[in-house]
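Heads up: the sequence lines are chains A and B, in that order.
Per the numbering used here, the very first residue in the first sequence carries number 306; after that it's consecutive.
Per the numbering used here, the very first residue in the second sequence carries number 204; after that it's consecutive.
Do not rely on the hints blindly, as some may be mistaken.
Said to hold, decoys possible - Derived CB-CB ranges, DEER-like:
no.	chain 1	residue 1	chain 2	residue 2	range
1	B	Asn256	A	Ile317	41 to 49 Å
2	B	Lys274	A	Asp407	15 to 23 Å
3	B	Glu286	A	Thr387	36 to 44 Å
4	A	Leu331	B	Ser221	19 to 27 Å
5	A	Thr385	B	Ser221	26 to 34 Å
6	B	Pro317	A	Glu392	22 to 30 Å
7	A	Asp370	B	Gln284	19 to 27 Å
To be verified - In silico DSSO-like cross-links for lysine-lysine, where the CA-CA straight-line distance does not exceed 30 Å:
no.	chain 1	residue 1	chain 2	residue 2
8	B	Lys309	A	Lys325
9	B	Lys274	A	Lys346
10	A	Lys371	B	Lys245
11	A	Lys346	B	Lys261
12	A	Lys346	B	Lys225
13	B	Lys309	B	Lys274
14	A	Lys369	B	Lys260
15	A	Lys371	B	Lys309
16	A	Lys319	B	Lys245
17	A	Lys346	B	Lys309
18	B	Lys261	A	Lys369
19	A	Lys346	B	Lys245
Hints in this document: simulated from the structure, not taken from any laboratory.
Beta carbons: idealized from backbone N, C-alpha and C, even for Gly.
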Amino acid sequence: GAVVSQHPSWVICKSGTSVKIECRSLDFQATTMFWYRQFPKQSLMLMATSNEGSKATYEQGVEKDKFLINHASLTLSTLTVTSAHPEDSSFYICSAPRQGPDTQYFGPGTRLTVL
Amino acid sequence: GENVEQHPSTLSVQEGDSAVIKCTYSDSASNYFPWYKQELGKRPQLIIDIRSNVGEKKDQRIAVTLNKTAKHFSLHITETQPEDSAVYFCAASTRGGGADGLTFGKGTHLIIQP
């Protein structure tokens with residue numbers, strides 16, 4: 306099946322620093338990728354849609370200046386959490402849709418802990 | 204926007220019995236309804252999906268039914284096994300699986316009792 310990778314798988318940082326998370330589609334191209342956030346024992350919440358070659362689209366309540374998204378190529382999207390604070394600690398998961406089966410494939414997620 | 208409700212939040216069944224998880228959605232324009240299984244600390248794995256032009260879909264022990272009029276869809280797992288224990292999420296999308304982000308239900312923790 307389609308493979309989506311994320312890097313890093315986990316990261317611990319100090320409050321006030323920035324963290325970059327990469328999402329790659331390994332065996333297919335994705336003009337669109339999605340970023341979700343999942344707090345412990347909760348559901349996945351869509352944060353934003355990453356669009357190759359254009360600006361990302363953010364869901365209501367998500368600060369675009371805090372969560373910077375760059376879709377650098379047809380196989381790579383990055384999410385940068387700027388000036389991270391403890392409340393940003395969460396599981397961040399990306400997904401990429403694939404034509405044909407027309408479904409979304411999820412990355413393995415990145416566990417962010419802000420001290 | 205879309206709102207997806209999922210019930211129950213926890214479901215405990217005896218091994219070999221059937222499990223049913225139900226979801227309702229609010230946006231009548233939604234036309235794609237996937238179900239994901241997530242184990243602790245892992246990525247969600249698609250187990251089955253259904254589109255609005257189909258009322259029922261089955262894949263071995265797993266089936267999904269869709270009632271567009273009532274705006275609800277259900278996951279049915281038969282002959283449950285210990286490895287079915289996980290959190291299951293339903294989701295909905297208005298533009299198919301590829302063009303739109305997914306709105307998820309809150310999840311159901313399925314426990315298979317040996």
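Status of each hint after checking the structure:
1. Asn256(B) x Ile317(A): 41 to 49 Å: This hint holds: roughly 47 Å between Cβ atoms.
2. Lys274(B) x Asp407(A): 15 to 23 Å: Given about 22 Å between the Cβ atoms, the range holds.
3. Glu286(B) x Thr387(A): 36 to 44 Å: holds, 40 Å
4. Leu331(A) x Ser221(B): 19 to 27 Å: violated, 37 Å
5. Thr385(A) x Ser221(B): 26 to 34 Å: violated, 45 Å
6. Pro317(B) x Glu392(A): 22 to 30 Å: 39 Å Cβ-Cβ, so the 22 to 30 Å window is violated.
7. Asp370(A) x Gln284(B): 19 to 27 Å: This hint is violated: roughly 47 Å between Cβ atoms.
8. Lys309(B) x Lys325(A): holds, 27 Å
9. Lys274(B) x Lys346(A): holds, 26 Å
10. Lys371(A) x Lys245(B): Status holds; Cα separation ~26 Å.
11. Lys346(A) x Lys261(B): holds, 29 Å
12. Lys346(A) x Lys225(B): At roughly 19 Å apart (the allowed maximum being 30 Å), Lys225(B) and Lys346(A) satisfy the hint.
13. Lys309(B) x Lys274(B): Answer holds: Lys309(B) to Lys274(B) is near 17 Å, not above 30 Å.
14. Lys369(A) x Lys260(B): Roughly 39 Å between the alpha carbons, so the hint for Lys369(A) and Lys260(B) is violated.
15. Lys371(A) x Lys309(B): holds, 25 Å
16. Lys319(A) x Lys245(B): holds, 25 Å
17. Lys346(A) x Lys309(B): Satisfied, since the Cα-Cα distance of roughly 9 Å is no more than 30 Å.
18. Lys261(B) x Lys369(A): violated, 41 Å
19. Lys346(A) x Lys245(B): With Cα atoms ~13 Å apart, Lys346(A) and Lys245(B) stay inside 30 Å; holds.
Comparing the model with each numbered hint stated earlier shows that hints 4, 5, 6, 7, 14 and 18 do not hold.
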